[in-house]
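Residues per chain, in single letters:
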Amino acid sequence: MNDLVQLASLAPLLALAGAIINGLFGRSLRGNAPGVIASLAVAAGFVLSLIAFLGVRAGGAVRVRFGDFLVAGDLNIGLGFHFDQLSVLMMLIITGVGLLIHIYSIGYMQGDDGFSRYFAQLNLFVAAMLVLVMADSFPLMFVGWEGVGVCSFLLIGFWYKDLKNASAGRKAFIVNRVGDFGFLLAMFLTFKAFGTLDIQAVNAAAPSFAYGAAILTGIGLLYLLAAAGKSAQLPLHTWLPDAMAGPTPVSALIHAATMVTAGVYLIARTGGIFANAPSAAATVVWVAVLTALMAAIVAIGQTDIKKILAWSTISQVGFMVAAVGAGAYWAGIFHVLTHAFFKALLFLGAGSVIHALGGEQDVRKMGGLGRKMRVTGTTSLIATLAIAGVPFLSGYFSKDAILGALLTSSPLGNYGGQILFALLMVTAGITAFYMFRWYYLVFAGEPRSSAEYERAHESPAVMTVPLGILAVGSVLIGYVGLPAFLAPNAIQEWLAPVMAHVDFDHLNTSAEWMLLLGSVLVAAVGLGLGYWVYVIGSGELAKRIGNTPLANASRGAFGIDRLYRGLFTEPGEGLAEGVASLDRDVVDRGLTGVSGAVPLLGRLLVLLQSGYVRAYAFAMVLGVLALAVVAALIGVLA
Amino acid sequence: MVQTEYYVALSAILFALGGIGVLTRRSAIMLFLSIELMLNAANLAIIAYARQWSAVGAQHALDGQAAAFIVLAIAAAEVAVGLGILVAIFRNRVSTDVDELSEVRL
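These protein sequence lines map, in sequence, to chains A and B.
Letter 9 of the first sequence, counting from 1, is numbered 9 in the numbering used here, and no numbers are missing.
Letter 17 of the second sequence, counting from 1, is numbered 17 in the numbering used here, and no numbers are missing.
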C-alpha cells in the first residue's frame, strides 16, 4: 500500500504534462481535444489522490523523498512529498472539484480563441496547487505557492486585450507579493529558530520552545501575513474582487475552492507553531473575524453577480482562518471542504447565468431567471441555502463547528473569544441576508430586463452535470463532520493524528444544542430579513436603506481600495512619472541636444567650402607660408 | 662659377610668379602653366644644390639630379591626366573657367 501512495506523486506531474501538451501543441488540436486532455490529466490525478487517501487510511502517513532540493552549508532541503491525512484530503478537494470545473469549462469556454491556452494554464494551476499541499518542506511549498500565484495572475488576465482585465491580474499579483514577502521572512526566521525547514520537523520541535515564545509569535505573524495575501484577508483582500475579471470557472476553482484556501492550509499545516504562540493565533482570529464581518457587509452593497460572490468568498475564508486560528484545525479544513462545494457551485451557477445572458453581470438586470434555467436555478438555490447555514446542508455543520470552536477555544478566551464569537455569529446572519438577496435578484421575482430575460436559456449538459454533482456534494458533504456530541465526527477523527493539539472547554449537551439552535436562528433571521426587504418590501425598502452611511460604505467597500490608491498606487505612479520625466527631459533632451549640435557645426564648416579652386589654393599657400614661418622661427630659436 | 645663391634666388622668383599665376588666373590652361612654372622653379633649386654638393665632391651629389627627373616625370603624368580632364570639361561647357566649376559645394 505504501508504494501505491507514493504513486500519487505522479499527480502533479500528470497535470504538468497536460499543461505542456496544451501549451505547446494546443493550437493544432482540434475541437474539444485540449479540454478533454486537461480533464483526463486531472481525472487521473483524482484517481491517484483517491488511492493515496485509501493508502493513508490503511497505513498512516507516507513520506517520499526524491533527492536534494537545496543544499548550502547548514541548509539542507529535501525534495519530497508528504502524504498524510491533511494533504490527501486537500488533494481530493483540488482534483475532485478541479475535475468538475475542468469539464464545465469545456462548455463555458467553447469557441474562445484561447481555448487551449486556458486549459494549459488551468492544468498548470492544478499542478502547482498539488505541489503546495503535498510539499514536505517550506521552500517546496513556496514553489507551489508562487506557482498558483502565477497561474492566478495569468487566468485573471486571461482576456488580456481588455486593459481592465490585465490590470486586475497585475493587482492580484502585486498584492500577493506582499504576502509572499511575509512567507519568505517567515521561512528565514523559521530556519534561524529551528535550523531546518522541514515542515514535520518544525511542528515536532515547536513545543520545545517556551509557550508563547516571542520567536514563535514572530514566525506565526509572518505566516499570517502570507496567509492574508493568498487568502484575501485584511488588509490584503483588495485583489480578490478585481480577480473576478477572469473567466468564471477560474473564479470557481482558484478564487473560491482552492487557491484562496491555501492560507488556511498553511496555518493548519504549521499548527505546531500557532498552538504554541497563543497571541499570534489570537491575532489570526481577530484578523479573520473582522475580515469576515467587513466582507459580508460589503457583499450586500454589490451589484455584480460575481463580485457579490467574491466578497462572500473573502468572508467565508475569514470563517476558515478564524477556525484554524482558534486551534480548531479540523473545523477550518472542514469548512474548506464544504465551501469548495457550495461556493464552486455558486460561481458555476453564476457562470451559467452569464453564459446564458451573453456576458451580462449586473444583477439589477436579472430576475426570474430560475424559471428559464431550471437546473442552474435549483442548484444555485441549494448552494445558497448551504452557505446561508440552513440546517442539514453542508454549510450549516461546518459553520456551526467554527462558531463552537471560537466560543470554547481555551487560548482564545484571554483574547476576547466571546466577542469574536458574537461578531462571527452576526456575520453568519449577514451571510444569509446577502445570499438571499443574490439568489432573489438573479433567479426569483419578476424579470427586470425583458431583453435579458428573453435571451436566457439553460446551459448545455457539459455545464449542468457538474452543477448537479456539486449540488449533491453541497447537501451531503456536511455529514462527514456532524457535531461530535451527536454522532461520530468523521473529519475531526480523520485529521486528529496530524493536527497540533489545542485545549477546548467542554460544553455540556444543552449548551451544544443551544449553539446549534442559535445558528439556525441566525440563518433564519438573515433569510427572513432578506425576504422582508426584497419580497415584502419589494425593493422600496431596499431603496430607503440604500441611503444610509453603512450602505454607502458597503458599496464603496469601506474605501480601502481608494485608501490604497492614495497611499501606494498614486505615490508610486508619481514616482514613476518623475523618473520618466527625468529620463525624458534630462537624459533624452541632453542626447537630442548633442545630436542636434553636430549638424549645426557641420553647416558652419560648410561655409569654408566655397567651391572656388583659387580660394582653396590661397588657403594652401597661406598654410605653407605659416609652416615656413614656424620652421624659420624654430630654426632661429634653435 | 655662378654662386648657388643666384640660382636659388631665381628659383624663388619663378616659384612666386607661378604661385601668383595660380591664385589670379581663371583659365585652367593658365593654371597648368603656372603649376609647371612652380614645379620647375623647385627643380632649379634642387639641381643648383646638387651642383654645389658635387663641386665639393660629396658622396650623394647626384641625388638631387635624380630627384629632378622624378619631378619631371610626375609633372608629365599630372599634365597628361589634368589635360584629359580639361578636355572633357571643355567639351561639356565650352569654357575652361575654373570659377564656374563650383557646383559640388553645398
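Calculated directly from the structure, the hints in this document are not laboratory data.
Glycine included, each C-beta is placed from N, C-alpha and C at the ideal position.
Do not take every clue at face value.
Label pairs and their in silico Cβ distance ranges [to be verified]:
id : chain 1 : residue 1 : chain 2 : residue 2 : range
1  : A       : A615      : B       : A16       : 52 to 58 Å
2  : A       : R603      : B       : E100      : 22 to 28 Å
3  : B       : E100      : A       : A580      : 55 to 61 Å
4  : B       : R93       : A       : G623      : 26 to 32 Å
5  : A       : I634      : B       : R51       : 48 to 54 Å
6  : B       : E100      : A       : L622      : 40 to 46 Å
**Item:** Pairwise beta carbon distance, E100 (chain B) to L622 (chain A), judged against the given window 40 to 46 Å
**Value:** Violated: the Cβ-Cβ distance is about 24 Å, outside 40 to 46 Å.
**Request:** State, for the Cβ atoms of R93 (chain B) and G623 (chain A), whether the hinted interval 26 to 32 Å holds or is violated.
**Result:** holds, 30 Å
**Distance restraint hint 52 to 58 Å, applied to the beta-carbon atoms of A615 (chain A) and A16 (chain B)** = violated, 19 Å
**Item:** Cβ distance range 48 to 54 Å for I634 (chain A) and R51 (chain B), holds or violated
**Value:** Violated: the Cβ-Cβ distance is about 28 Å, outside 48 to 54 Å.
**Message:** Assuming the hint says 55 to 61 Å, is it satisfied by the Cβ distance from E100 (chain B) to A580 (chain A) or not?
**Reply:** holds, 56 Å
**Asked** Within 22 to 28 Å or not, the Cβ separation of R603 (chain A) and E100 (chain B)?
**Response** holds, 25 Å
When each numbered hint is compared with the structure, violations occur for hints 1, 5, 6.
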